[in-house]
Amino acid sequence: MTIGFPKAATRVRKVLPFMGLALVFALAAHPAGAQEVVFTDQANREVRLPKPADRVVSIVIPMASNLIALDGGTKKLVGMNPTAKSAVTQGILGKIFPEAKDIPSDVTSPSFVPNVEALAAVNPELVVQWGDIGEEKVAPLTNAGLTTMLILYGTEELTQGYMTMAGKAIGQNERLKALIDWRDAVRKDLAAKTAFIPEDKKPRALYLQRALTDLAASGTKGNYTEWSIELAGGRNAAAELVGTVTINKEQVAAWNPDVIFLNAFEAELDPSWVYKDPILSLTNAAKNHKVYKLPLGGYRWDPPSQESPLSWMWMANLLHPDVFHYDLRAEMKKAYKTLYHYDLADADIDGVLWTASQGDAANYAQFKAN
Amino acid sequence: MSEGLAARNGIPGGTPTWTRTTLVFAALLALLAVSLLVSLCAGRFGVPVTRALALIWQGLTDPSAPMQAMDERIVLLVRVPRVVLAALAGGGLAVCGAALQGVFRNPLVSPDILGISQGAALGGALAIMLGIWGFPLIAMVFVAGMVALVLVGFLARVSGRTETVTVILSGLVVSSVFAAVVSLLQFVADPETSLPAIVYWLMGSFSSATWERVLIASPGLILGAALLWSLRFRLNVLALDEAEAKSLGVRTERERWLIFALVAVIVGSQVAVSGIIGWIGIVIPHAARLLVGHDHRVMLPASILLGAAFTTIIDTLARTATAAEIPLGVITALVGAPIFAVLLRRHYRERSDR
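Protein chains in written order, with this note's numbering: chain L, 319 to 688; chain S, 8 to 361.
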């Protein structure tokens with residue numbers, strides 16, 4: 319990653335100004351429609367809005383909470399994926415924005431098949447859909463005359479790219495800049511410090527994307543969590559895998575990871591599952607009590623979200639407690655104030671960080687409330 | 008055809024046939040023993056063969072010894088139960104296929120014909136959707152498989168009796184309905200968690216094998232197979248014409264349903280612990296018939312041995328070939344379909360030659 323990271327950073331520096339430039343150009347070219355928003359989405363299509371959108375539907379799961387953060391409220395989100403809705407209403411966003419439970423989720427199936435009539439009923443000015451799931455899940459939207467923005471999943475560059483598009487589309491340029499700057503600042507800070515950590519001092523971490531039904535680990539390609547692990551100064555113990563695939567416990571034993579990260583998707587999963595398992599409990603990670611479940615804040619902290627920098631800091635503090643000393647609780651309070659205009663209570667933070675089930679894990683005492 | 012079958016089934020054959028059969032069984036037993044041993048010594052976690060064998064010996068002689076080291080647990084808690092489960096499930100599926108092909112007098116019949124697999128699949132998919140795992144999932148799968156069979160039974164019974172063809176068609180109907188509901192569940196499943204889990208489960212795997220699962224599945228698998236074996240004479244008669252069988256005093260309908268119920272117990276137990284595994288129930292009985300002939304008295308045990316060895320080998324490939332677990336359904340189809348094609352062509356060439 320020491321090689322991969324600067325390259326990725328250069329790409330972002332190249333891409334972002336270009337997009338900004340395209341926007342400026344678009345604004346200059348249409349003096350009559352001064353409010354017009356034009357940009358190229360991640361499927362290389364031109365998206366044109368006569369004015370910043372006030373009504374947005376996200377068929378894509380993580381974009382729903384992203385939009386809430388970009389706007390600082392739920393007003394502009396008029397429809398979302400049922401899976402996103404359950405994440406929003408069950409997590410802390412449900413507490414911050416109780417009105418979110420009334421946002422329609424019948425606009426799409428969980429597997430991103432749009433319901434055009436339900437979509438038309440909420441009268442959206444912009445619909446966000448994945449750009450890589452096939453034409454048959456996009457065509458119904460464009461055929462119905464809905465302005466559609468296609469986005470891609472996987473890397474931080476893509477995440478910043480679609481956050482930028484969404485922020486411009488709803489006319490929240492200042493908030494957008496603050497969120498992107500925060501991401502860049504934390505990322506640079508992390509990269510600068512991990513650059514000095516020799517490769518053999520980086521713990522080998524395993525991220526289990528599924529554990530209870532089958533055991534699925536994330537390899538090197540297209541998984542954001544594995545990228546976060548490397549950003550925070552870890553190495554992927556499952557680097558020989560490509561993508562997220564099912565493995566067996568014997569393979570975990572063969573890798574013998576130093577740290578195990580459990581997903582935030584499976585509600586009933588917590589570190590005790592590892593400690594009770596006859597095989598996993600003999601890994602270095604379990605023996606040294608370095609098994610952590612990823613937090614669930616405004617969104618799950620494993621995939622890219624508006625809270626990703628918090629996720630990176632959490633991971634970095636855990637992987638290298640001697641190098642990183644982020645005051646995570648303070649950072650969280652600050653971030654939630656900016657993102658959601660909400661004052662996080664200590665009990666909220668304990669809930670997000672699962673201190674009840676993993677408070678006694680190694681290096682977790684640093685996250686205790688003072 | 009039926010006369011030929013009767014001749015083959017009725018007469019045990021001369022001494023040379025029995026010698027050949029003995030040899031075939033010796034070879035099958037050896038194949039099973041070797042595949043079990045190789046499977047126990049192979050895996051992603053490096054355990055030297057001598058150490059693995061020593062550990063197995065220790066497990067056999069002193070099963071209560073505490074297991075502290077990783078290699079001990081890998082061999083005795085991961086590999087042994089997995090290999091045992093794979094062998095039992097493979098033997099069970101094969102004997103089910105053998106029995107059903109006899110009952111239906113049709114070589115293309117496989118255990119999923121009765122709707123049990125799809126019923127069980129629905130139970131499993133539903134459990135995964137509801138976030139249920141472990142023993143309740145297994146119970147749901149088993150019950151759903153049984154419900155499918157009962158539905159087929161009700162549908163197939165017209166004016167108090169059941170024709171073979173109505174059983175097959177009812178099985179098809181019930182399978183389609185259950186498959187549709189499984190598709191619906193996949194459609195509404197969470198694409199990040201339950202959907203991949205359902206898909207993986209539908210492709211079959213022994214990756215979650217534990218001793219607990221062996222204990223849950225083995226009574227159904229072993230008892231079911233043993234009872235089918237005890238019905239071997241009836242199967243020989245049922246494989247005759249309906250009229251011929253009845254003239255021999257067999258109550259064909261009752262016996263057929265007894266066999267279906269046993270098949271449901273075996274398939275339900277297998278699907279509950281390892282998902283849907285195709286092809287074994289159709290390919291193995293063919294191969295067994297090729298080796299020992301049509302007489303169910305030898306064909307059933309040959310199917311069991313061959314099915315157990317085949318599944319053990321396939322599962323060993325699935326868990327050792329790459330760091331990722333390869334779904335069993337993929338390998339059984341890739342290996343099973345060509346074998347089946349060859350057997351089929353051979354079968355019909357022999358028939359046309361005759």
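To be clear, the hints were calculated from the coordinates, so they are not data collected in a lab. Source: prediction; values computed, not measured. For glycine and all other residues, C-beta sits at the position ideal for the given N, C-alpha and C. There's no promise every hint is true.
Stated by the list, open to error - Okay, the calculated bits of chain L under chain S, using three or more residues with CB under 8 Å as the criterion:
(1) 422 to 431
(2) 531 to 541
(3) 602 to 615
(4) 634 to 643
Claimed, not checked - Output of the computed footprint for chain L on chain S, the stretches with three or more beta carbons under 8 Å from beta carbons of chain L:
(5) 37 to 47
(6) 80 to 88
(7) 198 to 212
What the hints assert, rightly or not - Facing chain S, according to a computed beta carbon distance under 10 Å, are these residues of chain L, among others:
(8) N399
(9) A510
(10) R618
Hint check:
no.	hint	verdict
1	422 to 431	holds (count 5)
2	531 to 541	holds (count 4)
3	602 to 615	violated (count 0)
4	634 to 643	violated (count 0)
5	37 to 47	violated (count 0)
6	80 to 88	holds (count 5)
7	198 to 212	holds (count 10)
8	N399	holds (9 Å)
9	A510	violated (32 Å)
10	R618	holds (9 Å)
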